[in-house]
Amino acid sequence: MKKPPLKKFYDLIREIINYTTIVNASHDHDDEGEKRENNTSPPPPLIRENIEHVTKPTTENLDPCSGKYIYAYDLPSIFNEDLVKSCKSLNKWFDMCPYLSNLGLGKRVIEKTKKKVLLKNSWYVTNQFSLEVIFHQIMKHYKCLTNDSSIASAIYVPYYPGLDVGQYLWVCNVTMRDDRPKKLANWLGQQDEWKKMLGKDHFMVGGRIGFDFRRRTENSSDWGTSLMFLPETINMAFLPLETSTYENDFPIPYPTYFHPSNDKEILQWQERMRRMKRTHLFSFAGAPRPNATKSIRSDLIQHCQSSKSCKLLNCYVKNENKCDDPVHVMQVFQSSVFCLQPPGDSYTRRSTFDSILGGCIPVFFNQNSAYKQYFWHLPKNGSTYSVFISEELVKTNTTIIHDTLSSFSKQQVLAMREEVIRIIPRVSYRKPGSRLEIIEDAFDVAVKSVLERIEGIRRKEFL
1 MKKPPLKKFY
11 DLIREIINYT
21 TIVNASHDHD
31 DEGEKRENNT
41 SPPPPLIREN
51 IEHVTKPTTE
61 NLDPCSGKYI
71 YAYDLPSIFN
81 EDLVKSCKSL
91 NKWFDMCPYL
101 SNLGLGKRVI
111 EKTKKKVLLK
121 NSWYVTNQFS
131 LEVIFHQIMK
141 HYKCLTNDSS
151 IASAIYVPYY
161 PGLDVGQYLW
171 VCNVTMRDDR
181 PKKLANWLGQ
191 QDEWKKMLGK
201 DHFMVGGRIG
211 FDFRRRTENS
221 SDWGTSLMFL
231 PETINMAFLP
241 LETSTYENDF
251 PIPYPTYFHP
261 SNDKEILQWQ
271 ERMRRMKRTH
281 LFSFAGAPRP
291 NATKSIRSDL
301 IQHCQSSKSC
311 KLLNCYVKNE
321 NKCDDPVHVM
331 QVFQSSVFCL
341 QPPGDSYTRR
351 STFDSILGGC
361 IPVFFNQNSA
371 YKQYFWHLPK
381 NGSTYSVFIS
391 EELVKTNTTI
401 IHDTLSSFSK
411 QQVLAMREEV
421 IRIIPRVSYR
431 KPGSRLEIIE
441 DAFDVAVKSV
451 LERIEGIRRK
461 EFL
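Numbering of the sequence shown is given in the UniProt record's numbering, commencing with residue 1 and proceeding in unit increments.
Derived from the structure by calculation, the hints contain no laboratory data. Hints are not guaranteed to be accurate.
Said to hold, decoys possible - Taking lysine-lysine and the DSS-like style, the derived pairs with C-alpha atoms no more than 25 Å apart in a straight line are:
#1 K195 <-> K68
#2 K264 <-> K115
#3 K107 <-> K140
As the list claims (entries may be wrong) - Simulated restraints, written as ranges between beta carbons of each label pair:
#4 G67 <-> Y246: 21 to 31 Å
#5 S390 <-> S150: 48 to 58 Å
#6 N368 <-> V413: 19 to 29 Å
#7 E392 <-> N186: 46 to 56 Å
#8 P288 <-> K380: 28 to 38 Å
All C-beta atoms in this analysis are idealised placements derived from N, C-alpha and C, irrespective of residue type, glycine included.
Sequences are here, hints too, so could you generate the full structure?
Here's what the structure looks like:
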């Protein structure tokens, strides 16, 4: 962890003062010369040397972490490490332990076929709810992490609320669901760092959708926890996977299977996606939602099955979830021009980011699936990287998808695909412990945006 080079900073201030004095003296000298018919004499050699000496080293003395320092709380282990240790009980339907191995990345993907779909060493079987662990592990190696909270521009709270609530979402006992959130709130309220701005300079990652953390009542039948409605957390910037438009919610991408270790791996993957031969106009990877009457998934599956231009990856075949296999998923997306991305169990789905990784142009059917979510990470103009078709049209016109997608010119498709490929690093989380030199990944974009937001709050309140 770093502290700012204060001695160098004070030396720089002294040099600037000296420089200002010298320049002012020079200007006075020039004014006198003008009075003598502009017969100005050059400043003495010693002064010129001083000016040259002052102007050279300024960039060397600047602190590269100025305005970027982050202080991470050392929380009691019940809020993070203990949750990972109890991985077998975190999910009602499956064991999370394999997914939380390798610092939250899951097991490394080993391709068994001769024709490789993925790049070696960069791919893991990552669970969509592992983001809290991954983000925390990357933060441990953040270049401007400090153990001095007084110089920090932001305070990170490394609680794993998604892993926590995942154990109790289907338990009709709000006391149990709110146990850790309230303990965290009590702990935060005792910290000097929190008292300074009442949490307005704090941020926390939520590895599930925001709705899971915003229960308004004490009714046991209501969903989720009350975490983000507690006095100690309500002012924080909260980074869930999806928001319901609360002003302090700033959604960040779902974790995908791709976790590069350096810039080269990203550039190699991007170039590979540019060269990929795409034999399908569009594809859909998913399963029907028979109990969700408003879902258009069944309609999309019918559209796909009735079109020779569509590739369908049915997730569940013979009790095996093929959509949990990065090789199967990326094989479909890499061979498709467009990828259908209807709402999942909520508005958003992890598959959107998997399709972007595959260089496949996402097709949305609801504005809340991306356009009203990921303002920090995705382009503001959705039409530059995606296509929108309303759900109503899908239900009433059986050829609308094929007709719409086939109407784009080759130039339009190439432009959209290039934009999709450009944003691949912005929706990817690097391998914890690695360092990107030039390229910004999803972590970098999130941290940069948090810092900018908090700086804006400080300007409003204290200037």
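These are the hints, each one checked on the structure:
no.: 1; hint: K195 <-> K68; result: holds (21 Å)
no.: 2; hint: K264 <-> K115; result: holds (22 Å)
no.: 3; hint: K107 <-> K140; result: holds (21 Å)
no.: 4; hint: G67 <-> Y246: 21 to 31 Å; result: holds (26 Å)
no.: 5; hint: S390 <-> S150: 48 to 58 Å; result: holds (52 Å)
no.: 6; hint: N368 <-> V413: 19 to 29 Å; result: holds (25 Å)
no.: 7; hint: E392 <-> N186: 46 to 56 Å; result: holds (48 Å)
no.: 8; hint: P288 <-> K380: 28 to 38 Å; result: holds (33 Å)
Hint check: no violations occur; every hint is consistent with the structure.
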